[in-house]
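So the protein sequences, as listed, match chains A and B. Position 50, counted from 1, in the first sequence is what this note's numbering calls 50; the numbers after and before it change by one each time, with no gaps. Position 62, counted from 1, in the second sequence is what this note's numbering calls 62; the numbers after and before it change by one each time, with no gaps.
These are computed hints drawn from the structure, not numbers from a lab. Using N, Cα and C, we set each Cβ at its ideal position, and we do this for glycine too. There could be a bad hint or two in this list.
For lysine-lysine, the following DSS-like pairs were computed, each having C-alpha atoms within a straight-line distance of at most 27 Å [as the list claims (entries may be wrong)]: (1) A/Lys68 <-> B/Lys16; (2) A/Lys71 <-> A/Lys46; (3) A/Lys19 <-> B/Lys46; (4) A/Lys46 <-> B/Lys71; (5) B/Lys12 <-> A/Lys12; (6) B/Lys19 <-> A/Lys71; (7) B/Lys68 <-> A/Lys46; (8) A/Lys71 <-> B/Lys46; (9) B/Lys71 <-> A/Lys68; (10) A/Lys68 <-> B/Lys12; (11) B/Lys71 <-> A/Lys16; (12) A/Lys19 <-> B/Lys68; (13) B/Lys46 <-> B/Lys71; (14) A/Lys12 <-> A/Lys46; (15) B/Lys46 <-> B/Lys16; (16) A/Lys19 <-> B/Lys16.
Here are some chain B residues the structure puts well away from chain A; computed CB gaps all over 12 Å [as the list claims (entries may be wrong)]: (17) Gly15; (18) Lys19; (19) Arg22; (20) Arg23; (21) Leu40; (22) Glu41; (23) Ser63.
To give a feel for the contact side, a few chain A residues facing chain B, derived at Cβ under 10 Å [unchecked claim]: (24) Tyr7; (25) Val11; (26) Leu18; (27) Tyr24; (28) His26; (29) Asn50; (30) Asn55; (31) Asp57; (32) Asn58; (33) Tyr62; (34) Ser63; (35) Arg65; (36) Lys71; (37) Thr72; (38) Leu75; (39) Asp77.
Number of protein chains: 2
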Amino acid sequence: MYIILCYDIDVKRVGKVLKTCRRYLHWVQNSVLEGELTGLEYQQLKDELNDIIANNDNVRVYSVRAEKWMKTEILGDSPVNTSSFL
Amino acid sequence: MYIILCYDIDVKRVGKVLKTCRRYLHWVQNSVLEGELTGLEYQQLKDELNDIIANNDNVRVYSVRAEKWMKTEILGDSPVNTSSFL
């Protein structure tokens, strides 16, 4: 399945969430990651994130069976290097 | 088509981008909106956004033919009321 993950996380936890997500998905924009995952990998990622997130944190995960079912369009510049962003 | 729009916009322009997006889509998370659009509506939204965005601004638009082709899962709390967020 192809995954798009968007997160809105408290500054205290956002670094840990990004680090965890990056083990499964690739960063595409501030607070947005994408990638192909198996069902098992997806469940593992959810379990790890559920152990980290707390009040007011919100993670939205969109999944389609295959990337070809979804079109991606980008307006504006490609995102800046992420090392300074969380 | 069903649209997911994620934006990473300079603070000088983000209010205008959110206001424009909200005329077409519904807010679901900080910097993320969703909704069903016709091809014409989608083109109009892109044209309006292209008139607003500038250097280092980035908008990612994911579209699927119908919402039923996509699964949405939410971890954590439902997002806080948006009036204070951009």
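A quick look at each hint next to the structure:
Simply put, A/Lys68 and B/Lys16 have alpha-carbon atoms about 32 Å apart, too far for the 27 Å limit, and the pair is violated. With a CA separation close to 24 Å, the supplied pair A/Lys71 and A/Lys46 stays within the 27 Å bound. Proposed proximity of A/Lys19 and B/Lys46 is contradicted: the alpha carbons are some 32 Å apart, above 27 Å. Proposed proximity of A/Lys46 and B/Lys71 is supported: the alpha carbons are some 15 Å apart, at most 27 Å.
Straight-line distance between C-alpha atoms of B/Lys12 and A/Lys12 comes to about 26 Å, which keeps the hinted pair within the 27 Å bound. Restraint check for B/Lys19 and A/Lys71: the C-alpha separation of about 24 Å stays at or below 27 Å, so the hint holds. The suggested pairing of B/Lys68 with A/Lys46 holds, with an alpha-carbon distance near 22 Å, which does not exceed 27 Å. Restraint check for A/Lys71 and B/Lys46: satisfied, since their Cα atoms lie roughly 15 Å apart, inside the 27 Å limit.
Taking the CA atoms of B/Lys71 and A/Lys68, the gap is about 15 Å. The hint holds against a cut of 27 Å. Distance check on the hinted pair: A/Lys68 and B/Lys12 sit about 35 Å apart at the alpha-carbon level, beyond 27 Å; violated. Taking the CA atoms of B/Lys71 and A/Lys16, the gap is near 25 Å; set against the 27 Å cutoff, the hint holds. The suggested pairing of A/Lys19 with B/Lys68 is violated, with an alpha-carbon distance near 31 Å, which exceeds 27 Å.
Between B/Lys46 and B/Lys71, the direct Cα distance comes to roughly 24 Å. Compliance with the 27 Å bound is thereby established for this hinted pair. A C-alpha spacing of about 19 Å is found between A/Lys12 and A/Lys46, which places the hinted pair at or below 27 Å, so the restraint holds. For the given pair, B/Lys46 sits about 14 Å from B/Lys16 by alpha-carbon distance, which is consistent with the 27 Å threshold. The hinted pair formed by A/Lys19 and B/Lys16 fails the criterion: a straight-line CA distance of about 31 Å is larger than 27 Å.
With a minimum CB-CB distance of about 16 Å to chain A, B/Gly15 clears the 12 Å threshold, and the non-interface call stands. No Cβ of chain A approaches the Cβ of B/Lys19 within 12 Å, the least distance being about 16 Å, so the stated non-interface status holds. Non-interface status of B/Arg22 relative to chain A is upheld: no Cβ of that chain comes within 12 Å, the nearest being about 17 Å off. Every CB of chain A is more than 12 Å from the CB of B/Arg23 (nearest about 16 Å), matching its label as outside the interface.
Here B/Leu40 stays apart from chain A, with its beta-carbon at least about 16 Å from theirs, past the 12 Å limit. Interface exclusion of B/Glu41 from chain A stands, the closest Cβ pair being 14 Å apart, more than 12 Å. Non-interface status of B/Ser63 relative to chain A is broken: a Cβ of that chain comes within 12 Å, the nearest being about 5 Å off. Interface restraint check for A/Tyr7: the shortest CB-CB distance to chain B comes to about 8 Å, inside 10 Å, so the restraint holds.
With 10 Å as the threshold, the beta carbon of A/Val11 stays out of range of chain B, its nearest partner Cβ sitting at about 12 Å, so the hint is violated. The beta carbon of A/Leu18 comes no nearer than 14 Å to any beta carbon in chain B, farther than 10 Å, and the hint placing it at the interface is violated. Violation of the interface hint for A/Tyr24 is found here, the shortest Cβ-Cβ separation to chain B being roughly 14 Å, above the 10 Å cut-off. The beta carbon of A/His26 is not positioned within 10 Å of any beta carbon in chain B (closest approach about 13 Å), and the interface hint is therefore violated.
Restraint check, A/Asn50 versus chain B: the minimum CB separation of about 6 Å is within 10 Å; hint holds. Against a cut-off of 10 Å between C-beta atoms, the interface hint on A/Asn55 holds, since the closest Cβ of chain B lies about 6 Å away. The beta carbon of A/Asp57 comes within 4 Å of a beta carbon in chain B, closer than 10 Å, and the hint placing it at the interface holds. With 10 Å as the threshold, the beta carbon of A/Asn58 comes within range of chain B, its nearest partner Cβ sitting at about 5 Å, so the hint holds.
For A/Tyr62, the interface hint holds, since its Cβ comes within 10 Å of a Cβ in chain B; the closest pair sits about 6 Å apart. Look at A/Ser63: its Cβ gets to within about 5 Å of chain B, closer than 10 Å, so that hint holds up. Proximity of A/Arg65 to chain B holds as hinted, the smallest CB-CB distance being about 8 Å (cut-off 10 Å). A distance limit of 10 Å between C-beta atoms decides the matter here; for A/Lys71 the minimum to chain B is near 5 Å, and the interface restraint holds.
For A/Thr72, the interface hint holds, since its Cβ comes within 10 Å of a Cβ in chain B; the closest pair sits about 6 Å apart. Interface restraint check: A/Leu75 against chain B, minimum CB-CB distance 4 Å, threshold 10 Å, status holds. The interface hint given for A/Asp77 is met, as the beta carbon of that residue sits about 5 Å from the closest beta carbon of chain B, less than 10 Å.
The structure shown violates the earlier hints numbered 1, 3, 10, 12, 16, 23, 25, 26, 27, 28.
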